[in-house]
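Engineer: The lines below spell out each chain.
Protein chains: 4
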Amino acid sequence: MSLNPVISVLGRKLRLAVIGGGPGSFIGAMHRLAAQLDNRYELVAAALSSDPEKCLKAGLELGLPADRVYASGLALIAAEQAHPHGADVVAIMTPNDSHFELATAALQHGFDVICDKPMTNTLEEAERLCATVRETGKVFCLTHNYTGYPMARQAKEMVAAGMLGELRLIQVEYVQGFNAREVPAQPGSWRHDPVKGGPSLVMGDIGTHAHNLLRFITGLEVEEVAAEVGSIVPGRVVHDYAGAMLRLSRGVRGSFWVTQAASGVENSLAIRVSGSKGTLEWNQEVPQILKFKPLDGPAEERTPNGPEVLPLAARSSRIVRGHPEGFPEAFANLYSDAAEAIAARRTGTQVNPLALHFPNAEDGLAGVRFVAAVIASSSAQGAWTRVG
Amino acid sequence: MSLNPVISVLGRKLRLAVIGGGPGSFIGAMHRLAAQLDNRYELVAAALSSDPEKCLKAGLELGLPADRVYASGLALIAAEQAHPHGADVVAIMTPNDSHFELATAALQHGFDVICDKPMTNTLEEAERLCATVRETGKVFCLTHNYTGYPMARQAKEMVAAGMLGELRLIQVEYVQGFNAREVPAQPGSWRHDPVKGGPSLVMGDIGTHAHNLLRFITGLEVEEVAAEVGSIVPGRVVHDYAGAMLRLSRGVRGSFWVTQAASGVENSLAIRVSGSKGTLEWNQEVPQILKFKPLDGPAEERTPNGPEVLPLAARSSRIVRGHPEGFPEAFANLYSDAAEAIAARRTGTQVNPLALHFPNAEDGLAGVRFVAAVIASSSAQGAWTRVG
Amino acid sequence: MSLNPVISVLGRKLRLAVIGGGPGSFIGAMHRLAAQLDNRYELVAAALSSDPEKCLKAGLELGLPADRVYASGLALIAAEQAHPHGADVVAIMTPNDSHFELATAALQHGFDVICDKPMTNTLEEAERLCATVRETGKVFCLTHNYTGYPMARQAKEMVAAGMLGELRLIQVEYVQGFNAREVPAQPGSWRHDPVKGGPSLVMGDIGTHAHNLLRFITGLEVEEVAAEVGSIVPGRVVHDYAGAMLRLSRGVRGSFWVTQAASGVENSLAIRVSGSKGTLEWNQEVPQILKFKPLDGPAEERTPNGPEVLPLAARSSRIVRGHPEGFPEAFANLYSDAAEAIAARRTGTQVNPLALHFPNAEDGLAGVRFVAAVIASSSAQGAWTRVG
Amino acid sequence: MSLNPVISVLGRKLRLAVIGGGPGSFIGAMHRLAAQLDNRYELVAAALSSDPEKCLKAGLELGLPADRVYASGLALIAAEQAHPHGADVVAIMTPNDSHFELATAALQHGFDVICDKPMTNTLEEAERLCATVRETGKVFCLTHNYTGYPMARQAKEMVAAGMLGELRLIQVEYVQGFNAREVPAQPGSWRHDPVKGGPSLVMGDIGTHAHNLLRFITGLEVEEVAAEVGSIVPGRVVHDYAGAMLRLSRGVRGSFWVTQAASGVENSLAIRVSGSKGTLEWNQEVPQILKFKPLDGPAEERTPNGPEVLPLAARSSRIVRGHPEGFPEAFANLYSDAAEAIAARRTGTQVNPLALHFPNAEDGLAGVRFVAAVIASSSAQGAWTRVG
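Note that the protein sequences, when read in sequence, are chains W, V, Y and R. All letters in the first sequence, in the order written, are residues 27 to 414 by the numbering used here. All letters in the second sequence, in the order written, are residues 27 to 414 by the numbering used here. All letters in the third sequence, in the order written, are residues 27 to 414 by the numbering used here. All letters in the fourth sequence, in the order written, are residues 27 to 414 by the numbering used here.
Think of the hints as simulated: they come from the structure by calculation, not from any bench. Any given hint might turn out to be false.
Derived coverage of chain W by chain V (criterion: at least 3 residues anywhere in the stretch with Cβ under 8 Å from a Cβ of chain V; other residues may be distant) [as the list claims (entries may be wrong)]: (1) 246-257; (2) 264-277; (3) 300-312; (4) 403-409.
Here are the simulated PhoX-like cross-link-like pairs (lysine-lysine), alpha carbons at most 20 Å apart as the crow flies [what the hints assert, rightly or not]: (5) V:K317 x R:K317; (6) Y:K303 x Y:K317; (7) Y:K317 x W:K317; (8) W:K303 x W:K317; (9) V:K303 x V:K317; (10) R:K317 x R:K303.
Where is the CB? At the ideal position from N, CA and C, for every residue including glycine.
Whenever a hint applies, use it, and build me the whole structure from the sequences.
Structural biologist: The following block contains the structure:
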């Protein structure tokens, strides 16, 4: 195998432009790190902040020339399209309400797009963006980054291989203490502005991750929800918890619980999937361990590159077993898989099918639909509500 | 402190008669073990089985004289009342539908009673039994044994001491694989007969444990539920899963999930309680560890007889720290606490208030009300339903 | 299977007399609890303390009649032998330097004996006691209680079944914080008096446990040691740590480390056994989990009564899987196994061979030899020294 | 803080040349990934393999121009020195026996050096290389990468801050199953050739890591060892296990155990450090958790960027708490710290003192001395042997 499949196919690294993620943005730093971790992208342009001074300073710190640092995302898109060595790919990590406009513009100007989640704030935007992706034929990668962990991918493959038998019951939670204080963790952040952050802070921030992870691992769709979403921290106007009962495809039943108000809890995105032959358990806080509890044998701990690793998980680890990879590598797996897809699209070559498991616009649409259904059910006093 | 507070107060051990729990009954063996573990009861009589031959054989194997082995619970109650050295206490571990009749008879014949959960199958019976307990003034201990674990008790005390601040969010699950096969784990068992086992197998078997543990630790009541209860294993007629959203007293919100159909999972009764100052996490599978995650400090692992142990937890451990006690000791804590209460009642002496935290008839009534509300909500398509 | 194999064979419970273990003794309370947990012994006599007043008070608290409470162990032995319903078994939990005299006297007066570890303080005593056991033909059980844990027994059986292949490497540690303070945990205790406590506090208290566990699980003997034993806490005269390299039978190599001076550590008796086909790991602090890491498959967690449980482990658990048993049950397993051996001996019946895995006088002698070799090697500047 | 302190100081990224680490080399891929993860180095030249064809192919795959791909390390050093935009830094990841020659040449040609461990195969070489580093004044970073983990660094800082009180006892192990099979994991590898791999495979590969980690966290030196080193897998000529008792500075005592022959074990580099006030425990397999067991309070779990994080640990994490980083980020921490030191040296500016905790040539010399002492003690039948 090539040391760098993108260079091997394209003859060079992909040129990346980023919009958003300026100083102080945790997720912006992570996007850039993820892009360069496997050496498949070269950062060539950026619009890092809506404040021009901060924007330029940050761009220079990142080693960009001043003329590739732009005052806005739309300016970047226009200029990079015209540039002789302009970006191939635009990565968007701006407030949620701008994803639709920027992603649409980038696609229509010929860029492949990597976009932070949630895809959009409204269902209508999600449907239109999905259509634009289909029409333009570009690659669209939505950074539900937890699906990049090797053991989340191993779980998906074990389910698909029938090792759990018929699926029956699913529990998923995403519990954090990030917003447990009465003073928000990020005062003044767009996250606490429902116009920018979307209809439900907790659902947009982490609820869509939990929902996507469930779909990714199980291959099932959530069909109906009975839900409650609300604010538990005194004085808060945006949502900080959501609970739901789930009815999934193939008669599977489930439980869903997300909150950012659980004081002291770090980042417990956890899933348990039970089928007729066994149960899988995984928690993002110790992502290197996937518990498999067969109906008829001892409980197992599966590990990255450990025995009986399956192909998608195997290609998602960089190191021999026992050397933990983490959140950055999981994030980078999405970027690097997308890079293979983009390089193949741009060269008209075949892509390794294992590279195509990154979340896409259809996944993003499913997430927005799920958020809408949870809110609708909660407004209807928990009535069972169809998703989509 | 006395080596045996019951002997010190009463001059002898309490005389115990058991009804139910014959050969093959896991819970019967556990009741007897729990009774004798701290040397506070002497087994003097038994009605172990409805089959007279098995009953006598088992009684003799337990070292009872043949004339104290009875063919039925009611026969035992009548004869032991008349016996010059008759039992003081009757412990009931028969199928659920007989708890009401036997416990009522035992109380009315002057016995203190220890009774397996769920207290009764119907709400009416639960209310009448509660009234009988109040009228007779006898001790009634319901064996929600998980509340006997030292770290469950430490959790209760930490909440009561305000270490979590204002409570906000609760998750409780009880997940087993006990009934994951299409052929039931105990074919022919009364558990799979709705008349004997009650309206909901999973709720009676483990749902009431989860509900009771939540109430025990938090001191809150579940006020409303939006629930679904059903059968996920093909061909099953009794319930094997139940999910609910919870609205608790003081505005607290919660999530509830129980099943016996999660293949390969052992016995995950787990609770997470979050307040404004921190979160507690406990799982029965590793009961010696209570995780405390303060808002403002490093996460802690509290252990039995470890640093900063609180009084009720301290008296619930028999050994210096680092020597794990388990399920039998937790079960025995209920028996031994009840023994102190019974010895005090019978001698008109003061009881140590710390002995009075065993579940009682009011707790049993709360459990039956919760089961009823879950079923009612599920029948009403998940509508929010008041408990009690 | 009978509910009580001792009653089934002998027609009654065994009559037990205890010497030592008065108020304040953790291990005395544990011996009595272990004896009664499975209902195979009835406590009939005791010499609980060398202080006559405390002795009587404690005996009465335990429910004994005053005339079966004795002022000394030797008085108990003489009187119980003469008593028409005298004890069958004498359990010894006195300071280490008295084990030899009391155990010898008890055996010679016709009692079966259960004795705390270390068996004796000197090698000569150990050899003579071993000879007395052989000559009298009585049952002698040494309470290396950690061998009673179901998963320690499962480990032994997995090794014996060849599941690890050829053994190669062993690590054993016993690390506590019990004596980490400059002021001893038990000031004035006989443990800190080398005459009563023996030549090495840490080796007698816990080093022999670690050594015995290693032998129990692997079936190997330690043949040579290169060791250092000493005191690390300032001002201490008795040993509080010992380290050794081990050469075992069949060319196996090992590492040994014990201390009671590791501040804050609870009770980490841990062993790792590696062979050509896999590795086992077990730690007493979470005794319900045995990790098995095969050379060619995913790591497993074996649990009591879980899948693929082996016969000795299976008979050592009282409850269905997922309901943790602990230190008291492990201790009780030795008592109950010994009870079966004693009942068989006294009735001339066959004993279940699975009952015969409790540590005996030969194991005690091996332990005393190991202590002597560790001390000798340390005195010889760590020179490799033969054991025994 | 700048988004990239190297660019801020130097105006550009550092130019990196790598020697060794061609296709199939796990550690080579890791070096390159670590260099680019924080965007502080640009790979400009390489001598990846002694096979010219493989070397060129790999260089091109990495995106290098053909004229910066060299047939040997010495050729690279000479040509890059002469190149107008030649490398600033040479990273060496060749077989152990070549480290000395290449590192010496690179230093003498004006490069800063990053070198894989062990530093050299012989003590004489180590001393000479140390002298060359001192004389040239260049930065020399030895990739004992485990010291880059945030929680290993937090441990170091907690010890230095006196949170453990006076140190007393240390256990360190490095246990793998990498070489458990009779057929080596890497047949034909230089690792199994004592001339190239050095006098002791297990000590060079992982023993020096364990030794370095111990020194890094505790600040103590190992002064004397009593050791055994050997081969346990049949037919093996190189060492696959080593055990030692340790006497450290300030009277501290310790235990050391390393092996690559523990079937099924992944990569258990674990350390326990006990002092008068508490104990720390850390294991590389779950590097995001540092256990702190104080003498007088509940056990704690410290986590990256969690509460009470100390400065060196804080700067070693890239993400908010709860998002695990792993082995690549730990490795990158050494590269990025060294980059700050190199940029400061080259610009004559002040370096952040927190950047200076990467292992250096003195640490490398200490490691080679330790290996020599272990081998000498083992040859002398375990006699206590001075280190250095």
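Engineer: Which earlier hints can't be squared with this structure?
Structural biologist: none
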